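Dock chain B against the given chain A, drawing on the hints supplied.
The chain contents come next:
There are 2 protein chains.
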Amino acid sequence: MAVIDMEKPILDKNDRIAQENRALFDRKGVLVLDLMSSPGSGKTTTIQMLIKALGDRYNVAVIEGDIASSVDADKIKAGGNAAVQINTGGLCHLEADMIARAAKVLPLDDLDLIIIENVGNLVCPVDFYLGEHAKIMILSVPEGDDKPLKYPGIFQASKAVIVNKADVKPYFTFDEDLFRQHVAELNPTAPVFTLAATTGEGSKPLVDWVAEHIDEVKAGAEA
Amino acid sequence: MAVIDMEKPILDKNDRIAQENRALFDRKGVLVLDLMSSPGSGKTTTIQMLIKALGDRYNVAVIEGDIASSVDADKIKAGGNAAVQINTGGLCHLEADMIARAAKVLPLDDLDLIIIENVGNLVCPVDFYLGEHAKIMILSVPEGDDKPLKYPGIFQASKAVIVNKADVKPYFTFDEDLFRQHVAELNPTAPVFTLAATTGEGSKPLVDWVAEHIDEVKAGAEA
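Chains as they are written, first to last, in the working numbering: chain A, -19 to 203; chain B, -19 to 203.
In case anyone wonders, no lab produced these hints; they're calculated from the structure. Fair warning: there could be bad hints in the mix.
Note: identical chains are not told apart, hence a pair may lie in one copy or across any two.
In silico lysine-lysine, BS3-like type, Cα no more than 27 Å apart, as pairs [claimed, not checked]: (1) LYS84 with LYS130; (2) LYS184 with LYS139; (3) LYS130 with LYS32; (4) LYS84 with LYS149; (5) LYS84 with LYS8; (6) LYS55 with LYS130; (7) LYS198 with LYS184; (8) LYS130 with LYS57; (9) LYS149 with LYS139.
Here the structure is a predicted model, which means the values were calculated and not measured.
This is chain A alone, in the form it adopts within the complex (with noise of 0.2 Å):
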């Protein structure tokens, strides 16, 4: 099919300009994080969080991703950081040149860490790279163990898993060494972080995580 051959020359050109945007991000020495998961699994949640634990030490920005609307940028703007709001207009993924526009108008001298929050899909965003240095994939527990079976190349593709919601468990069936062993069998070297954001309990080894990256990214660039 015709569309097959089509498809190709886009997906070069969204890797090169995400190539583009990574030598930008290293080079400030800016760690780039892409958040991934379902609908209201929490990414604005914690993202917030990782604000809150993060905010004293670095200074931090996030560029969010939405069909429609600017509920999302409008929380963070509200907390003080900066934040870009890219409406995808029907597009179920970010794409690389959007992350370059949203990066044009970002303090990137300034920053330690940007965080972008992609379109809430367990599917397209998976093979977009947008020049991040890691995607992470969240799963809320009300979503159920089920997941890693059913959406395979979201948990591959992903540095880290985050477990969010730990605190309704009590209250659904989510058997998290069964999830754990699922995610261990796709994606052996993933970490997974179980937490709940809006408490931010359980959230310091997460935290850990990303303050110890981007440590490294600013080494990198000072190098």
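Using the frame of chain A, we list chain B on its own:
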């Protein structure tokens, strides 16, 4: 961009097959519903609940769409109902030709209702007509009341909206009045059914709605 020109004939082809599907379903007097939601909102559990409530009166079959695995179809088959698994191989939605192929292996003459479980996703399935009589959207309480603002398309495309996992409302901040207001703005005629699919609590209005539509399609075929 050339891709836009390529998309058109594909959508046209999908719509043509969807219309053939619909004509077949109408002729056989089988109501076909397309269930859409995020991953983990409770599509499979809702289907199991509907089968339990309607199974004495009607013959129900299920078409399960997944990126990978046959977890859901196995659950349905375990209950004794006909189920066809479609693995989309990475594609984030079902298309009409997949339904046409599934329809060929289902005993249409004996069926009253086919429920299609689309791939878990609030974006991609919206644009693809499969030949169904109605698309139904499920939003579970843990996903949050702001989803109509962020994913207006799916709420506009749905003939009915289900609010699932109503039993865990005490543990989440979910403003149902606000949610209903958002939905009414996007889609004034769609009924909103609030229920807990796991227990069946609150499900009677939805069950009655589905039964009415089954009878309507059956009457149409006999006329």
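Now for the hints, and whether the structure bears them out:
1. LYS84 with LYS130: between (37 Å within a copy, 25 Å between copies)
2. LYS184 with LYS139: within (17 Å within a copy, 44 Å between copies)
3. LYS130 with LYS32: between (33 Å within a copy, 25 Å between copies)
4. LYS84 with LYS149: Classified as neither: same-chain Cα gap 41 Å, cross-chain 42 Å, threshold 27 Å.
5. LYS84 with LYS8: Answer is within; shortest intra-copy Cα gap is 13 Å, inter-copy 58 Å.
6. LYS55 with LYS130: between (32 Å within a copy, 14 Å between copies)
7. LYS198 with LYS184: within (21 Å within a copy, 58 Å between copies)
8. LYS130 with LYS57: between (35 Å within a copy, 18 Å between copies)
9. LYS149 with LYS139: within (24 Å within a copy, 33 Å between copies)
This entry does not satisfy hint 4, going by the numbered hints stated previously; all others are met.
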